[in-house]
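2 protein chains.
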Amino acid sequence: MDNIKAYIEENKERFLDELFGLLRIPSISSISEHKPDMVKAAEYWRDTLLKAGADKAEVMPTPGNPVVYGEKITDPKLPTVLVYAHYDVMPVDPIELWKSNPFEPEIRDGKIYCRGADDDKGQGFMHAKAFELMVKTNSLPCNVKFMIEGEEEIGSPNLGKWCQENKEMLKADIILVSDTSMIGKDVPSITTGLRGLAYVEVEVTGPNKDLHSGLFGGAVANPANILAKMIASLHDENNRVTIPGFYDDVLEVAPEERAEMARAPFDLEEYKKSLDIDDVHGEAGYTTMERTGIRPTLDVNGIWGGYIGEGAKTVLPSKAYAKISMRLVPNQDHEKIAQLFKKHFESIAPKSVKVNVTIHHGGQGYVAPTNTPAYQAASKAVEDVFGIKPVPFRSGGSIPIISTFEQVLGIKSILLGFGLESDAIHSPNENYPLEQFFRGIETIPRFYKYFSDSKK
Amino acid sequence: MDNIKAYIEENKERFLDELFGLLRIPSISSISEHKPDMVKAAEYWRDTLLKAGADKAEVMPTPGNPVVYGEKITDPKLPTVLVYAHYDVMPVDPIELWKSNPFEPEIRDGKIYCRGADDDKGQGFMHAKAFELMVKTNSLPCNVKFMIEGEEEIGSPNLGKWCQENKEMLKADIILVSDTSMIGKDVPSITTGLRGLAYVEVEVTGPNKDLHSGLFGGAVANPANILAKMIASLHDENNRVTIPGFYDDVLEVAPEERAEMARAPFDLEEYKKSLDIDDVHGEAGYTTMERTGIRPTLDVNGIWGGYIGEGAKTVLPSKAYAKISMRLVPNQDHEKIAQLFKKHFESIAPKSVKVNVTIHHGGQGYVAPTNTPAYQAASKAVEDVFGIKPVPFRSGGSIPIISTFEQVLGIKSILLGFGLESDAIHSPNENYPLEQFFRGIETIPRFYKYFSDSKK
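Going line by line, the protein sequences match chains A and B. Sequential numbering from 1 applies to the first sequence in UniProt numbering. Sequential numbering from 1 applies to the second sequence in UniProt numbering.
To be clear, the hints were calculated from the coordinates, so they are not data collected in a lab. Some hints here could point you the wrong way.
[Stated by the list, open to error] Within a straight-line C-alpha distance of at most 30 angstroms, the following computed BS3-like cross-link-like pairs (lysine-lysine) qualify:
id, chain 1, residue 1, chain 2, residue 2
1, A, K456, A, K77
2, B, K161, A, K229
3, A, K273, B, K351
4, A, K273, A, K161
5, A, K354, B, K351
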């Protein structure tokens, strides 16, 4: 493993150039006009894998955006690592808050600034380059398969079926994913839990047209006021979600496990300072780390209605809308929760409005055991490069497809993420530190080695 | 007065052509890029008055949009009518709901469709044409002054001071305004009350940037959820406004007066049907007509925050906003109410967010007595043309400048409006029935006559 560092050092500039080519493609999966960019990004990944040394790589169609599949089978008797990543990215709104063009990568203060710099083009590309490194230095200790999708940010609506149809082709011993964060660059961690996700959109309709708020205000239900009231009622005074049945399937985490989690380094003052808030806010009886790690939540992701332009307009709007997501913990079923939401939201609507609830994508939560050879290999690889043994960590985020992999393919995943909280994923000025990018490329071959050794 | 009808009949087409010229100017006062259109509309009015027979007419500057002043003094000993109207209009959002171009007037089903067709270009223009009619047929029984402003829809921020500075020039016996509605074209009414208005904009800030709702959701205050909760708390279970002191200055209307008001024709089923709602909604203990006529209210006019584009984005927004207006009844002071709102809203904000309240324009409510010669003249003029004695009616709308006229100039106003509820003012597809336009032109000279006679 001595030549890992040397190879990275020699090829640094080229690695970045190649990553930048991918970053420049505005592959936003939630906006339909970007369809052609999705294909471009997929083809870019295919070409990258072929150049890196894959036996084959192809862009495979799905009813949505294509999946890139590539492989290098050195010996069928050796273990196989299946790498998962995604080439699609989040929208860039609010664009006025970006300091540089969201699709023109720029290095400032040792960080790559670009939509997708971390999530998940930067993190995914580390795997392409680590693979290239192992091939070119003749140190690939196992077989490798790549599955790079283009619909992660919209909930992977087609990947489950695609996996089902290609189950044989995807056979592997472990799935390796870099799409999560570490607690900090000096506090390396490996994600061992993910939250599930239920995402709904609600529309509240009052009168059949916008009305003059003077002539009608006070006599006709204002859907913006009603929506505010309905949303407010979704939490009680302890900030617990009030939807009947919402907590029914939540498994309480044992006191010992909570005590163990509490030992992870966390500085509340630093956290508040970094977000410029005077106080945190969440479910009574739980710490900040617990609120994101082991508790389900409900958040408004977007709300709109009426006049939102410059100045004042005295309109009583006809409609008001909200996008609402619920983060779920393992054992909560996202489909059941979405239905509970719908039923409850419809039931609390006053007769003076009409309510429509649309269910968007969702996904189940996930818990990874730490007593497996794969986790141990990942832990050792990270410790080699970062000099500190990583902390197992339950993240508040969701990667719905991870639980699908387990159900459909019967394969566990290792969530070997190198992102940092400051990377602003899904936000303006997304970035990824060069240091994390290169450390990731350094860590991955070590994982391959330790994991293959464990299978001997 | 016999030749009124004949003159209108002869000049119908020209009247409409001239009105359409004014309607085509997109004079939206709340959007700064329309500044040049404001001047165009003012000059159009000036030219209209000069052609109609004014001794003089000019565009007079203010720190905002100019005021058009015109006059015809036939004999200083005769009474003087001061006509007020406004040439500015509301924005056109949501533009996608318009069936025709908002600034290209179109006649469909006997109605003029255009932004401003009623409010207040159509209604204002009736006065220009009635004035022309009286001049050309030598039947002007008094002096006339015109004051046409361009900032009514943004709360007339400069007109009060302009009146103060031109008090002598504006001396008159009565102010005549057509900027209100009738209950129905078969139920003519004259507006005897207007509500006041306090308008605020609130900004709720949580974290200093948009965050990933998975990684932070449940632990950090979501400003959209908090805003919803704060807005919801502004009404109690009886739909009364909860701001301390809000009702302190409201004068309860005597039971006899409420009984009198209840005799005005109103069909609740028809009202619900026309708005496509299953139920009305408002303050407990009051009828629909009372809720808009004699009670103060609070409405969200616009709300926004987070991701409002296509599809799903799991963002925990940094900020959420709302535009909120309160309609006030006479004796409530809009400045006091805006301050009460601000103080209360700031006081209910949890420590986990920051709140900023901006106070927009406002205005006082107004009550017009019905036992005056001016009201009697208006009532008689309407009865002549509509065949039915008009009902005195307290409107829910606000024309803040009316109470300012009384304070600054010491002159009462007659609110001789010909709009209909179906005119969709401030909404997409604003329209004005041709019948009301021409009936208005027919009514106005009769008012001049009866009012002047009463002063003999």
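A quick look at each hint next to the structure:
1. K456/A - K77/A: Holds: K456/A and K77/A sit about 10 angstroms apart, inside 30 angstroms.
2. K161/B - K229/A: violated, 41 angstroms
3. K273/A - K351/B: The hint holds at about 14 angstroms.
4. K273/A - K161/A: Not satisfied, since the Cα-Cα distance of roughly 44 angstroms exceeds 30 angstroms.
5. K354/A - K351/B: Measuring from Cα to Cα gives roughly 34 angstroms; hence the hint is violated.
Hint compliance for this structure: hints 2, 4 and 5 are broken, all remaining hints hold.
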